[in-house]
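Novice: The lines below spell out each chain.
Protein chains: 2
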Amino acid sequence: MAQSQFTNGLPTAVDLGHHINSKSRARHPSPLKDIIQFMAVDDMVSLAGGLPHPSFFPFKTATVTASPPTAGESPCLLELPLDGFLQYGSGTGNAQLRAWCGEFTQRVHRPAYADWNVLLHPGNTNAWSKVVSLLCETDDYILCETYTYPSAQAFWIPLGIKAAPVASDAEGMRADTLAQTLRDWEDSYPGTRRPRVLYLVSVGSNPSGVTMSTKRRRDVYDVCIEYDVIIVEDDPYFFLQYPEYDAGDSVTEGPEFVGSDEFLRSLTPSMLQFDHQGRVIRLESFSKTLAPGLRLGYFVANPLFTERLLRATEVETQDPSGLSQALTLRLLQSWGIDGYLGWLQGLGVEYCRRRDWMIDAFSQHFRVGYAAKATGTLVAHLGDVPIFSFVPPTGGMFIWACFNLAQNPAFEELRHDEKVVDPEQVMADRLWRQFAEAKVLLTPGSYYHPWQGPDKVTTNARGATPLTTYFRFSFSMTTQEEMERGIARMAQVIRASWKLEQ
Amino acid sequence: MAQSQFTNGLPTAVDLGHHINSKSRARHPSPLKDIIQFMAVDDMVSLAGGLPHPSFFPFKTATVTASPPTAGESPCLLELPLDGFLQYGSGTGNAQLRAWCGEFTQRVHRPAYADWNVLLHPGNTNAWSKVVSLLCETDDYILCETYTYPSAQAFWIPLGIKAAPVASDAEGMRADTLAQTLRDWEDSYPGTRRPRVLYLVSVGSNPSGVTMSTKRRRDVYDVCIEYDVIIVEDDPYFFLQYPEYDAGDSVTEGPEFVGSDEFLRSLTPSMLQFDHQGRVIRLESFSKTLAPGLRLGYFVANPLFTERLLRATEVETQDPSGLSQALTLRLLQSWGIDGYLGWLQGLGVEYCRRRDWMIDAFSQHFRVGYAAKATGTLVAHLGDVPIFSFVPPTGGMFIWACFNLAQNPAFEELRHDEKVVDPEQVMADRLWRQFAEAKVLLTPGSYYHPWQGPDKVTTNARGATPLTTYFRFSFSMTTQEEMERGIARMAQVIRASWKLEQ
Chain F
1 MAQSQFTNGL
11 PTAVDLGHHI
21 NSKSRARHPS
31 PLKDIIQFMA
41 VDDMVSLAGG
51 LPHPSFFPFK
61 TATVTASPPT
71 AGESPCLLEL
81 PLDGFLQYGS
91 GTGNAQLRAW
101 CGEFTQRVHR
111 PAYADWNVLL
121 HPGNTNAWSK
131 VVSLLCETDD
141 YILCETYTYP
151 SAQAFWIPLG
161 IKAAPVASDA
171 EGMRADTLAQ
181 TLRDWEDSYP
191 GTRRPRVLYL
201 VSVGSNPSGV
211 TMSTKRRRDV
221 YDVCIEYDVI
231 IVEDDPYFFL
241 QYPEYDAGDS
251 VTEGPEFVGS
261 DEFLRSLTPS
271 MLQFDHQGRV
281 IRLESFSKTL
291 APGLRLGYFV
301 ANPLFTERLL
311 RATEVETQDP
321 SGLSQALTLR
331 LLQSWGIDGY
341 LGWLQGLGVE
351 YCRRRDWMID
361 AFSQHFRVGY
371 AAKATGTLVA
381 HLGDVPIFSF
391 VPPTGGMFIW
401 ACFNLAQNPA
411 FEELRHDEKV
421 VDPEQVMADR
431 LWRQFAEAKV
441 LLTPGSYYHP
451 WQGPDKVTTN
461 ARGATPLTTY
471 FRFSFSMTTQ
481 EEMERGIARM
491 AQVIRASWKL
501 EQ
Chain R
1 MAQSQFTNGL
11 PTAVDLGHHI
21 NSKSRARHPS
31 PLKDIIQFMA
41 VDDMVSLAGG
51 LPHPSFFPFK
61 TATVTASPPT
71 AGESPCLLEL
81 PLDGFLQYGS
91 GTGNAQLRAW
101 CGEFTQRVHR
111 PAYADWNVLL
121 HPGNTNAWSK
131 VVSLLCETDD
141 YILCETYTYP
151 SAQAFWIPLG
161 IKAAPVASDA
171 EGMRADTLAQ
181 TLRDWEDSYP
191 GTRRPRVLYL
201 VSVGSNPSGV
211 TMSTKRRRDV
221 YDVCIEYDVI
231 IVEDDPYFFL
241 QYPEYDAGDS
251 VTEGPEFVGS
261 DEFLRSLTPS
271 MLQFDHQGRV
281 IRLESFSKTL
291 APGLRLGYFV
301 ANPLFTERLL
311 RATEVETQDP
321 SGLSQALTLR
331 LLQSWGIDGY
341 LGWLQGLGVE
351 YCRRRDWMID
361 AFSQHFRVGY
371 AAKATGTLVA
381 HLGDVPIFSF
391 VPPTGGMFIW
401 ACFNLAQNPA
411 FEELRHDEKV
421 VDPEQVMADR
431 LWRQFAEAKV
441 LLTPGSYYHP
451 WQGPDKVTTN
461 ARGATPLTTY
471 FRFSFSMTTQ
481 EEMERGIARM
491 AQVIRASWKL
501 EQ
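Order-wise, the sequence lines are chains F and R.
Numbering of the first sequence is given in UniProt numbering, commencing with residue 1 and proceeding in unit increments.
Numbering of the second sequence is given in UniProt numbering, commencing with residue 1 and proceeding in unit increments.
Errors might be hidden in some of the hints.
Remember, identical chains collapse to one label, so a pair may be satisfied in a single copy or spanning two.
16 Å max Cα-Cα, derived EDC-like pairs, lysine to aspartate or glutamate [claimed, not checked]:
1. 373 / 169
2. 499 / 384
3. 23 / 137
4. 439 / 34
5. 23 / 139
6. 439 / 42
7. 33 / 412
8. 23 / 307
9. 373 / 244
10. 33 / 307
11. 373 / 246
I should point out that these hints are in silico values taken from the structure, not numbers from a laboratory.
All figures in this text were calculated on a predicted structure; none of them were measured in a lab.
Bound-form chain F, shown alone (with noise of 0.2 Å):
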């Protein structure tokens, strides 16, 4: 694996063993081993390798066309590296990629520890599934934020695994709550054991929005350490930061671009920052960045945890597809890191001009002012009646919004109704139909409700907050136009649910 060399006098990881759980523990070595090691002697004739011959892979030559990293650069032509990539590979990924994507996480997160690993794998979905695998075990219960990511959750429950969410406010996840929900477990949770793994989408947090603080991440690293809690970062939207939205601003210029150092000064830290213990797992994707077609990305992790996960690699998936590694590879050596860095500020200039389509949007048909300027809260109004309110986001794709239902009628006849056992529910799920009718989709908010097991459901005993809702907005995918149509027939739905003049 592409260890660090970036060691400077940085500690080692502590010893973080007693973490991997029973199954993988299990996992032996690839036997192949001896083989390997033999196969590199000089003149050897290898009779052992079941790999079919490279001169029967039909592929010959394969050249793509790419953007240039920043506007006004030529476009680039990537004359892509065949050989090796269509073979097996060894579990760990390419070398030259590996290698490159250490270089960049030392760029980018200078880690505080010295001996971290970098791990190829086909996607943070796979990643995460990885990770659970092996740390976790039946019936765990595993600590995310009070709304959470729905497909690693789909991953862990058929495992009889529980989320133990942790309140968030606009800094993200609450230390002190964190380590008040770790101190009081035993009382909280009896006879299950603490949680030992933290789940966390720490930039523009799906669904959220939020990006935890520095201050917030330094805290909530703390109470990690004191509870010996390993945190996984799914930090697919990393780079896609932004600045504070100002309702005054010019939405179509969007920020200058700056050098590469300062353009790294301006984004939040990933927690591998403060990591002098290798207690973080970050899970990198190209997804967001690049394409989620490639389906690739990388563990940056201890390396007593890259190992298992090598293990895991070798008998569940494999190398990712050599030719995404190898379009990859020919594109990063292509931009160098500079260059991708231009790109991914890019990005972040693009993915900011829309959440400020987004929040125009809902200007131009609610009356949108901050709740008390201190909380950074905006809040829609229909006339006089809250409708509801958000955080702008400065990272990801999402708004995430909270309902207020107090002040709508049809609420009003489900909450007084002895035989509605979930009155925000039940307007959630007929309100997002009335919108979808009106033809605009948004995600109900149901869909990221932590699953705390069959009696913690409802909005009353999921302890969620009464008379509220939450939906989702993304503003990743449509032009400014669709969003201002999508609004407004949101705002007409809105209307005449909750009966006010049109």
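Got chain F; can you put chain R on it based on the hints?
Specialist: Using the frame of chain F, we list chain R on its own:
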């Protein structure tokens, strides 16, 4: 999913839902289904999907040059479609590619039931891990051949699953032994669940090289109906079938090319061809026919199983690499089914040639002759001493040689040393290392011992034939000259070890 259109009055799959394990049963369908249904509505504004915008994908065009399907034609220039292949997919894989695989399956295998399905996967390693996770519970037994593929086992061993090996002969796994194993299960393995899964590499088996005969397939299938066993046919070498070895035949010419239909008739049929109940899960791979680096293959199975496998795909891997899919689709479209069948026929010719090179190399350094013509087993002697025996394969890439240690003086010493628990294995390890030091690498037979638990590890406890040990010879990767050199070195080591005259 690409459901078969070739019903023709065939039965539909019987209900095999009771085979789905508790974990797989607990998977929920993706909640996005409601959203996806509405997305298709005309003029819908979707603010629901959290996808990156495709205008920010840097890849613009991709061109690959490829071999023609058969010699003498012009090379193919493939312009890859990128639209749709760079974005997130739905888990099922590209519809066009699935349809192609479905049509190909119908042409080649003519499944005996109507409602089989195709689902893409990222290679058979991953496919097998998904099948174990679909069907097996912790501490189950899996039926397999006497010697089985180690990577398949390496996935299941950490789950507490053990192998129940079933004896094979030159026609493959014995149906009578399989029936007996299942009939006597409760006596032989008291307190354990009777196996429900049979793992088979039924063409050019790794390591045994055996291709299962048609009659044996029917008989094994019938036993599997009787005992309600699901057959997993991991069949990467299916198209590397070739004629029987004939010592008198010229090896440089190889067989002549025939038309597609005649080629298909020449192949031992897949289990699918008898599968009127839908109890075969076929793992199809492009690794041995196009290139392993594609990390691409597909399941053929009944719709109940493919639905659950899709649920697993959504949370464990997502679609295979879009680039791999795009390239494979374009190549197969360019070649056409008959072109691809021509390519496959060519591969068979090449691997057949290599098998013959290997046996010829044996013949140069050993006296090779039939043990008894009826058995098809060849024995390699030095002088009058039988050293190893093997059945010349008619498929795949491997020769599986049984070494006869009886007349080896070093082994004699080991046998009579009371301190040596497993003299056969000690001798095998010693020989392997001596071969490697003489610069010829073989794969030790011990890699392929089915894991039956810690009490069944030694030659004796496994019930293996005493005084023997196995080595696997791969003939896929070396030139004829290298093979000859390697076998010469091996013969030298054997002469020394057996203390035969030089």
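Novice: Does each hint hold? Answer for all of them.
Specialist: Now the hints, each set against the structure:
1. 373 / 169: within (15 Å within a copy, 80 Å between copies)
2. 499 / 384: Cα proximity of residue 499 and residue 384: one copy only (13 Å, versus 101 Å across).
3. 23 / 137: Both: 8 Å inside a copy, 14 Å across copies.
4. 439 / 34: For residue 439 and residue 34, the Cα distance is within 16 Å only across copies (14 Å; inside one copy 62 Å).
5. 23 / 139: both (14 Å within a copy, 12 Å between copies)
6. 439 / 42: Result: close only across copies, 8 Å inter versus 68 Å intra.
7. 33 / 412: Neither. Shortest intra-copy (68 Å) and inter-copy (30 Å) distances fail the 16 Å Cα cut-off.
8. 23 / 307: within (14 Å within a copy, 27 Å between copies)
9. 373 / 244: Answer is within: at 13 Å inside a copy they meet the 16 Å cutoff, but 83 Å across does not.
10. 33 / 307: within (14 Å within a copy, 37 Å between copies)
11. 373 / 246: within (12 Å within a copy, 88 Å between copies)
When the structure is compared with the earlier hints, a violation turns up for hint 7 alone.
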